[in-house]
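Colleague: In case you want the letters, here they are:
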Amino acid sequence: MAQRHEGTKLLDWEALKIGEQLPTLSYVLTQEMVDEFRAGVMDPEAAFPTISQKVDVRPYHLVYHDDGSVNARCAFHCYNPPVPGKRITVQAWIADKYARRGKNYIVTEAVSVDEDGRLLDRVITHELKQPSEVGKKWQ
Amino acid sequence: MAIARSYKVGEQIPSLTKNMTQDAINRFEKSGGATGPSQFTDLDTARNTLGTTSTVASGRMSLTFATELLRRYFGADVYNGRGMVDLRFLRPVRPGDSVTFSGKVTGVVKEANGCRVSVEVNASNQKGDVTAAGTGACVVPSGYLPAEE
Numbered sequence: 001m002a003q004r005h006e007g008t009k010l011l012d013w014e015a016l017k018i019g020e021q022l023p024t025l026s027y028v029l030t031q032e033m034v035d036e037f038r039a040g041v042m043d044p045e046a047a048f049p050t051i052s053q054k055v056d057v058r059p060y061h062l063v064y065h066d067d068g069s070v071n072a073r074c075a076f077h078c079y080n081p082p083v084p085g086k087r088i089t090v091q092a093w094i095a096d097k098y099a100r101r102g103k104n105y106i107v108t109e110a111v112s113v114d115e116d117g118r119l120l121d122r123v124i125t126h127e128l129k130q131p132s133e134v135g136k137k138w139q
Numbered sequence: 001m002a003i004a005r006s007y008k009v010g011e012q013i014p015s016l017t018k019n020m021t022q023d024a025i026n027r028f029e030k031s032g033g034a035t036g037p038s039q040f041t042d043l044d045t046a047r048n049t050l051g052t053t054s055t056v057a058s059g060r061m062s063l064t065f066a067t068e069l070l071r072r073y074f075g076a077d078v079y080n081g082r083g084m085v086d087l088r089f090l091r092p093v094r095p096g097d098s099v100t101f102s103g104k105v106t107g108v109v110k111e112a113n114g115c116r117v118s119v120e121v122n123a124s125n126q127k128g129d130v131t132a133a134g135t136g137a138c139v140v141p142s143g144y145l146p147a148e149e
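For the record, the sequence lines run as chains L and V.
Taking my numbering, the leading residue of the first sequence gets 1, the next gets one more, and so forth.
Taking my numbering, the leading residue of the second sequence gets 1, the next gets one more, and so forth.
Derived by calculation from the structure, the hints in this document are not laboratory data.
In this text, a Cβ means the ideal position worked out from N, Cα and C, and glycines have one as well.
It is possible that part of the hints are untrue.
[Stated by the list, open to error] For the chain L half of the interface with chain V, some residues (derived, Cβ under 7 Å), not all of them:
id, residue
1, K17
2, T30
3, F37
4, A47
5, V57
6, A75
[Claimed, not checked] With a straight-line cut-off of 25 Å between C-alpha atoms, the simulated SDA-like cross-links for lysine to any residue are:
id, chain 1, residue 1, chain 2, residue 2
7, L, K97, V, T53
8, L, K137, V, G33
9, L, K129, V, T53
10, L, K137, V, D44
11, L, K86, V, T45
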């Protein structure tokens, strides 16, 4: 059952347009976020806490709601480690969509840039939009 | 002067093992600003959304571990500015799992700004089941590589 969220529309996979720009996201990366991220991944040198921000799918959820999703594939490109205290701006878009074995996937892509104009990273995520299908295999 | 590094196709990358806990998963999610219950942090939500009998770790945690594997291999000075990883998530990683990431060099190709070193990456749990598989790469500047003969 799709969860409703105020101001968003139910995903119509057939109608979703490849190339659709998603709302710009902006946030300040704090030292606390960095510390929490490093504790979570058990790596004191982890340089890209932007990974846990899920900045490609967060803008998607500003526009759409759906039945949930499972991350099927994710690619991450490193350009410059983000600096705590800097504001980060994210541009995200629908990069692709495809159906495989009767299941629908969408691909979101996002690029993060900090307030000094430094390109930080690029993330590309393939999400399966029928999460219970995967759950059946995962028992 | 940077220390010269060399890469050979077939070379194994030193493995990396992570012992997953619910606390680690919770902290990862919290660091990204997630506050409400999710399939990662709450058993009931996992049951209702996925139909699973446990929470699962976000695939992005495995993505981060693969990034660490490759950063340790290539060096932070190179990988953090010129590295990438691309993983398919094949099986869930759950609290209590021990997941080992490994890889090997599959290609070394000259590019305009150095050599692209390509690797394959795999992650397996304590049962030997592959939880994720994919590729990674890093463009290593020529100045870091042994001089050509």
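Colleague: If a hint holds in the structure, say so; if it doesn't, say that too.
Modeller: Checked hints:
The criterion of a C-beta within 7 Å of any C-beta in chain V is not met by K17 (chain L), whose closest approach is roughly 24 Å, and the hint is violated. Here the hint on T30 (chain L) is broken, as its CB sits about 10 Å from the closest CB of chain V, past 7 Å. Annotation: F37 (chain L) was flagged as interfacial toward chain V, and the flag holds, the nearest CB pair being 4 Å apart, inside 7 Å. Proximity of A47 (chain L) to chain V holds as hinted, the smallest CB-CB distance being about 5 Å (cut-off 7 Å).
A cut of 7 Å between beta carbons decides the hint on V57 (chain L): the least distance to chain V is about 10 Å, and the hint is violated. A hinted interface residue such as A75 (chain L) counts as satisfied when its beta carbon comes closer than 7 Å to some beta carbon of chain V; here the least separation is about 4 Å, so the hint holds. Pair hint K97 (chain L) plus T53 (chain V) does not hold up; C-alpha atoms about 30 Å apart against a cutoff of 25 Å. A C-alpha spacing of about 29 Å is found between K137 (chain L) and G33 (chain V), which places the hinted pair above 25 Å, so the restraint is violated.
Pair hint K129 (chain L) plus T53 (chain V) holds up; C-alpha atoms about 20 Å apart against a cutoff of 25 Å. Simply put, K137 (chain L) and D44 (chain V) have alpha-carbon atoms about 18 Å apart, close enough for the 25 Å limit, and the pair holds. Restraint check for K86 (chain L) and T45 (chain V): not satisfied, since their Cα atoms lie roughly 34 Å apart, outside the 25 Å limit.
Of the numbered hints listed earlier, those contradicted by the structure are 1, 2, 5, 7, 8 and 11.
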